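Single-letter residue listing:
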Amino acid sequence: MKKKDTNISAMATPAVGEAGKTGDWRDMRPVCDHSKCIPSIKKKAACFLCWLYCPEGVIKATIPLEIDLEYCKGCGICAEECPGKAITMVNEGEKNG
Amino acid sequence: MPENLFKVNIEEYMLPGQRACQGCGLSLAYRYVLKALRENTIVTFPACCLTVLHGLYPTTSVTIPALNCTLASTAASASGLVAGLNAVNRTDITVVAIAGDGGTFDMGIQALSGAAERGTDFIYVCYDNEGYMNTGTQRSSATPMGALTSTTPVLTKQQPKKDMLRIMEAHDLPYLATTSPAYPIDLYDKFVKAKRIKGARYMQIAVPCPPGWGYAPKDTVRIGRLAVETGIVALFEIEDGKFRFTGRTKTLAEKGNKLPVINYVERQGRFRKMSIEQLRQLQRWVDTRWNEYLKRAEG
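Line by line, the protein sequences are chains A and B. By the working numbering, the letter at position 58 of the first sequence is numbered 710, and the numbering carries on one by one without gaps. By the working numbering, the letter at position 111 of the second sequence is numbered 761, and the numbering carries on one by one without gaps.
Among the hints, a few may not be true.
[To be verified] Chain A regions said to be covered by chain B (calculated; three or more residues, Cβ under 8 angstroms): (1) 665-676; (2) 708-714; (3) 724-735.
Calculated from the structure, these hints are not laboratory results. Quick caveat, the model's predicted, so the values are computed rather than measured. Here a beta-carbon is modelled for each residue, glycine too, at the ideal position from N, C-alpha and C.
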């Protein structure tokens, strides 16, 4: 990636946050209730549908689940698809929700 | 951990913080396309939503080499890449051309038809969001009947959607498939399969678009799923002329419990001016194609 090809005049380099901190776009924030989250309850890899359906790839499929709020655009697909209703969308202004 | 659960590549080739809209169906689909294709892939695409997703110079949000080309020349650009790679004996690299429905159904069709006829060794991906969404929801030949667009703002679109799959099938391709991001594993498996096959391969992804179709971003997966369950989108693959249903469509065909199109239509703002007659026509259009597919799946 570092090597410069002289034949290419304009080459972009990969960067995280190409459009800036896309978390700014959000008006609703996903909050995970770990007592309802299936992998947290079973304590093993299960479900992870939020990870599967996240269009941004900002959900880290770990136990407990981690959501990168710096880049989460707040589309709410994870909350919609969560079978245990563990993820809920709360207004940005509110605390924890 | 999800790699054992879903049997997918855990590596992310699309970095967070890209420029696509909230709840974009394309970014969900593209995430799995890249996961399936892995490294040793070159992507080429015209000016479309994908260009927006890839970002502005000097940074990009995708870690796969990519080449921008002009609108009608996606397949021609891919043909050039294949020829260039052959000249330097790099046959281990998969060339992928990706364009939207405008860049495929309307503008890119002659270059695509040419490349398919020559049997160029590449994968052509059409992500079909049913309109020119990048420039502000103009009508394309992929827009379904009854949809409002910014170029059909008063009267809804009167013509049914162009059947691109049948056009591409007429080129006798070794592999042709339809997928939907609402079923990411089905999408992933098809791209893994496509990567192994040689020759011109055509993939069509039915991508829901929240701003263009007029629904809340959280419903992207639900709308994608409804499109499959109502038969608007049929998931199938044609390998060397052999037709096969896959995934959800296969179970729908076996059980015969396809939903009426109204379930799909009523959730989208773009169909708000659709007449009852148009709704009936859309249902007839879906049923005719569905029956054809059923006949072909039986053999």
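Against the structure, the hints:
1. Chain B is given as covering the stretch 665-676 of chain A, and this holds because 10 residues of the stretch bring a CB closer than 8 angstroms to a CB of that chain, at least three being needed.
2. Residues of the stretch 708-714 of chain A with a Cβ under 8 angstroms from some Cβ of chain B number 5, which satisfies the need for three, so the listed coverage holds.
3. Figure legend: the stretch 724-735 of chain A, annotated as covered by chain B; annotation consistent (8 residues with Cβ-Cβ distances under 8 angstroms, at least 3 required).
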